[in-house]
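Peer 1: Residue-level listing of the chains:
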Amino acid sequence: MFWNRAELACQEMVELVTDYLEGALTRSQRRRFEAHLAGCENCTEYLRQMRATIRLTGSLHAGDMTPAMREELTELYRRWRAEGD
Amino acid sequence: MHLGLIAAIVLPRRGRRRTPSEDADGELVARLRAGEEQAFLALVERHNASMLRIAGSLVSSSAIAEEVVQDTWLAVLRGIDGFAGRSAFRTWLLRILVNRATSTGMRERRSVAVGDAGPVVDRARFDASGAWMSPPQHWVEEAEERMLAQGLAQQIHAALGELPALQREVVLLRDVDGLSGAEVCEVLEISEANQRVLLHRGRSRLRQALEDELGGS
Numbered sequence: 001m002f003w004n005r006a007e008l009a010c011q012e013m014v015e016l017v018t019d020y021l022e023g024a025l026t027r028s029q030r031r032r033f034e035a036h037l038a039g040c041e042n043c044t045e046y047l048r049q050m051r052a053t054i055r056l057t058g059s060l061h062a063g064d065m066t067p068a069m070r071e072e073l074t075e076l077y078r079r080w081r082a083e084g085d
Numbered sequence: 086m087h088l089g090l091i092a093a094i095v096l097p098r099r100g101r102r103r104t105p106s107e108d109a110d111g112e113l114v115a116r117l118r119a120g121e122e123q124a125f126l127a128l129v130e131r132h133n134a135s136m137l138r139i140a141g142s143l144v145s146s147s148a149i150a151e152e153v154v155q156d157t158w159l160a161v162l163r164g165i166d167g168f169a170g171r172s173a174f175r176t177w178l179l180r181i182l183v184n185r186a187t188s189t190g191m192r193e194r195r196s197v198a199v200g201d202a203g204p205v206v207d208r209a210r211f212d213a214s215g216a217w218m219s220p221p222q223h224w225v226e227e228a229e230e231r232m233l234a235q236g237l238a239q240q241i242h243a244a245l246g247e248l249p250a251l252q253r254e255v256v257l258l259r260d261v262d263g264l265s266g267a268e269v270c271e272v273l274e275i276s277e278a279n280q281r282v283l284l285h286r287g288r289s290r291l292r293q294a295l296e297d298e299l300g301g302s
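Line order of the protein sequences matches chains Z and R. Numbering (the working numbering) for the first sequence: 1 to 85. Numbering (the working numbering) for the second sequence: 86 to 302.
Since the hints were derived computationally from the structure, they do not count as laboratory data. Being a predicted model, the structure only gives us computed values, none of them experimental. Some clues are possibly wrong.
What the simulated footprint calls covered on chain Z by chain R, stretch by stretch (three residues with Cβ under 8 Å from a Cβ of chain R suffice, anywhere in the stretch; the number is not a length) [unchecked claim]:
| id | region |
| --- | --- |
| 1 | 16-23 |
| 2 | 32-39 |
| 3 | 46-53 |
| 4 | 66-74 |
Backbone N, C-alpha and C fix where the C-beta goes; we use that ideal spot for every residue, glycine too.
Excised from the complex, chain Z in its bound form:
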């Protein structure tokens, strides 16, 4: 890959963001990633946006169960209980 080159390019940085956020980079890779970030406002912004994307996706949440669904699964439970008797 591109680790043997002196500096990471922005184009390489965007492919490494998830490995960085997931803690999957080695210590030296991480250092180089952060060294690039320190000197690059654009990549810093990109990372900020990836973090925001994760946060926003995480704020989607399931709706409540509909009464019909609740009823059907209650019935399922009772049928299962009856089965066991």
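Starting from the known structure of chain Z, fit chain R onto it as the hints suggest.
Peer 2: Just chain R now, kept in the frame of chain Z:
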């Protein structure tokens, strides 16, 4: 009953009332074993929506997804005494679900390529040295504000819907349902490395969708 992906997913988590379903799974499982119907319903309340989302991304219709989910609950009832608790209840549950959804034969998941080829950001946005030529413009605060006003959830949902199935499953499990990377691997039976590639591609596409929505280049 209406259980479409959209209905299941667009409500922001903020302000949700606390319900008995917030009880820990472990306690509910113990009560279920003791024969308590309410414990079953609390588990259902807690997990049904993510199950519908995940099943919905694996099968071809929401009717089939509902069937798979009901089937899974029945398997849970029948298997609960044998559930050893070695993995988290949720992991066990979702794995049953995914196996059922895929064996329903709607899609051969194993043959789906891990990543679509190509870079996650358009090559044309970088110069020959790989430096940004068309850099990302700032929109994070605007996105947060619009999310609070509930305007942005639909866009994120739509973008999720356009992801390739496995990418979507990984993002749903990881970022919406909050499973750990290891749990996602267990549920989907994929390697850590593949999980990360799928997550990377999925998240990157969602970021691009937000950028498209919020301006910037």
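Peer 1: So, for every hint listed, does it hold in this structure?
Peer 2: How the hints compare with the structure:
1. With 4 residues having a Cβ less than 8 Å from any Cβ of chain R, the region 16-23 of chain Z passes the three-residue criterion, so the hint holds.
2. With a cut-off of 8 Å between beta carbons, the region 32-39 of chain Z has 0 residues touching chain R; three or more are needed, and the interface restraint is violated.
3. As drawn, the region 46-53 of chain Z meets chain R at 6 residues by the rule of a beta-carbon pair under 8 Å; at three or more, the given contact holds.
4. Taking a C-beta to C-beta cut-off of 8 Å, the region 66-74 of chain Z contributes 7 residues in contact with chain R, enough for the three needed, and the coverage statement holds.
Hint 2 from the list above is the single one not met by this structure.
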